[in-house]
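Going down the list, the sequences are from chains A and B. Each residue of the first sequence is one higher than the one before, counting from 1 in my numbering. Each residue of the second sequence is one higher than the one before, counting from 1 in my numbering.
It is worth saying that the hints were derived from the structure and are not from the lab. For clarity, every value in this text was computed on a predicted model and none was experimentally measured. Cβ atoms here follow ideal geometry from the backbone N, Cα and C, with glycine treated the same way. Certain hints may be false.
With a Cα cut of at most 16 Å, we get these calculated EDC-like pairs of lysine to aspartate or glutamate [what the hints assert, rightly or not]:
no., chain 1, residue 1, chain 2, residue 2
1, A, 78, A, 63
2, B, 54, B, 84
3, B, 68, B, 24
4, B, 5, A, 18
5, A, 83, A, 3
6, A, 83, A, 102
7, A, 57, A, 68
8, A, 42, B, 42
9, A, 57, B, 99
10, A, 78, A, 18
11, B, 68, B, 31
12, B, 37, A, 102
13, B, 37, B, 55
14, A, 42, B, 15
15, B, 37, B, 84
To be clear about the criterion: a stretch of chain B counts as covered by chain A if any three or more of its residues have a C-beta under 8 Å from a C-beta of chain A, and this derived list gives those stretches [as the list claims (entries may be wrong)]:
no., stretch
16, 41–55
17, 98–110
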Amino acid sequence: EPEVTQTPSHQVTQMGQEVILRCVPISNHLYFYWYRQILGQKVEFLVSFYNNEISEKSEIFDDQFSVERPDGSNFTLKIRSTKLEDSAMYFCASSDRDITPEAFFGQGTRLTVV
Amino acid sequence: DQQVKQNSPSLSVQEGRISILNCDYTNSMFDYFLWYKKYPAEGPTFLISISSIKDKNEDGRFTVFLNKSAKHLSLHIVPSQPGDSAVYFCAASARNNNDMRFGAGTRLTVKP
Chain A
1 EPEVTQTPSH
11 QVTQMGQEVI
21 LRCVPISNHL
31 YFYWYRQILG
41 QKVEFLVSFY
51 NNEISEKSEI
61 FDDQFSVERP
71 DGSNFTLKIR
81 STKLEDSAMY
91 FCASSDRDIT
101 PEAFFGQGTR
111 LTVV
Chain B
1 DQQVKQNSPS
11 LSVQEGRISI
21 LNCDYTNSMF
31 DYFLWYKKYP
41 AEGPTFLISI
51 SSIKDKNEDG
61 RFTVFLNKSA
71 KHLSLHIVPS
81 QPGDSAVYFC
91 AASARNNNDM
101 RFGAGTRLTV
111 KP
């Protein structure tokens, strides 16, 4: 069964460093998303991406964040200068929204900023 | 951002009984609703969904009910099984945008 894969599964970084979280969405999906979940809190929408551009973003997704689809398979989330409060599970998701709106999630990357 | 609310952080049910998880939303533009199940250290797994043109969708042991006038939906699991123990998230999206908003989740515990 096709699945969304994320790497790495766990990333530890020092405050102020840049991190790139990687995702390979399901191959025939056209809509891509990043969500995060701070420990013990709700799953929060960060950004959606369609047709090589951001289609929606939340108030969390400030100038420190950027997304990119550098090739036909990868979808990345970059955090330019990490802060302690960026520590969370980051989930990538994809969907073929034109057919079914369900988004399928990866296993997540646990980001720990120290 | 409280567009999707799950007011019960936890629910405990005996195996074999019905589990009812509730969700309320405030944005009348939402037209598609989903339930996800999440185990620790895993991503949310899609469970069942419903379009706003329906009021009920059933898939095996899982049924989702939608009450548009009350802006309320619920997930019924019957009979509940210990393997159903997880955190359940309600989510909603609108046709004219590409985000999906989640509730805070309800931790379901099914006791043998």
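Against the structure, test the hints numbered earlier, and report the numbers of the ones violated in rising order. 2, 4, 5, 6, 13, 14
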